[in-house]
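Colleague: Residue numbers (the working numbering): 292 to 466.
Since the hints were derived computationally from the structure, they do not count as laboratory data.
In this text, all values refer to a predicted model and were calculated from it rather than measured experimentally.
Just so it is clear, CB atoms sit at the ideal spot from N, CA and C, and this is done for glycine as well.
Be careful, since some hints might not be right.
[As the list claims (entries may be wrong)] Simulated DEER-style distance windows between Cβ atoms:
#1 294 with 381: 25 to 33 angstroms
#2 422 with 355: 35 to 43 angstroms
#3 317 with 384: 31 to 39 angstroms
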Amino acid sequence: MTLIQHIELASAQSSISFTSIPNTFTDLLLVCSFRSTENTVGSNAEIRFNGSSSGYSSRLLYGTGSSAASATGGSDRIHWAPTTSGGSSTANTFGNAQIYIPNYASSNAKSVSIDAVAENNATASRQDINAALWNNSAAISTIAFTWEQSANFAIGSSVTLYGITKGSDGTTTVS
Numbered sequence: 292m293t294l295i296q297h298i299e300l301a302s303a304q305s306s307i308s309f310t311s312i313p314n315t316f317t318d319l320l321l322v323c324s325f326r327s328t329e330n331t332v333g334s335n336a337e338i339r340f341n342g343s344s345s346g347y348s349s350r351l352l353y354g355t356g357s358s359a360a361s362a363t364g365g366s367d368r369i370h371w372a373p374t375t376s377g378g379s380s381t382a383n384t385f386g387n388a389q390i391y392i393p394n395y396a397s398s399n400a401k402s403v404s405i406d407a408v409a410e411n412n413a414t415a416s417r418q419d420i421n422a423a424l425w426n427n428s429a430a431i432s433t434i435a436f437t438w439e440q441s442a443n444f445a446i447g448s449s450v451t452l453y454g455i456t457k458g459s460d461g462t463t464t465v466s
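Using the sequences plus the hints, can you model the full thing?
Modeller: Structure, rendered in structure tokens:
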């Protein structure tokens with residue numbers, strides 16, 4: 292696992308983007324700590340690859356501690372990527388997520404798995420598991436996070452991009 296880039300916001304911004312992602316790794320991992328400025332407890336971030344607004348599908352399963360449900364996303368972006376803490380959540384509380392993208396440089400469709408939690412330190416919190424697909428043969432070279440609603444990423448929001456390479460340490464082989 293190799294650090295590609297870490298972004299931490301010193302001011303509120305409407306998007307966070309990684310550009311010029313090298314195609315030298317096998318998989319990508321994003322580790323996110325987000326909070327939105329939207330006046331709600333939970334906000335929905337979204338992802339687009341390579342500036343594309345087509346070919347996406349996603350299926351979300353989530354629980355709130357008192358109920359569970361599912362939802363299906365549209366084809367213009369990956370929805371709920373992740374659902375995270377909004378401006379009405381407990382002050383200075385961030386939602387967290389890991390986003391895994393295997394075989395991101397292949398010419399096949401790209402699968403994406405998202406495991407996230409929207410923290411609130413109150414009666415409402417949320418755990419998400421999201422399976423998504425980008426049906427495109429291009430290698431992923433850019434990743435852009437924005438919000439489903441009009442909002443900004445709050446100061447202190449951060450995301451780290453790692454590249455993962457298959458290989459062997461002499462004892463364990465990863466492929």
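Colleague: Determine for every hint whether it applies to the structure shown.
Modeller: Outcome of the hint check:
1. Here the CB-CB span from residue 294 to residue 381 is close to 30 angstroms, well matched to the stated 25 to 33 angstroms.
2. Taking 35 to 43 angstroms as the suggested C-beta distance range, the pair residue 422 and residue 355 does not conform, at roughly 19 angstroms.
3. Checked against the hint of 31 to 39 angstroms, the C-beta distance between residue 317 and residue 384 comes to roughly 34 angstroms, which is consistent with it.
Against the hints set out earlier in the document, a violation occurs for number 2 only.
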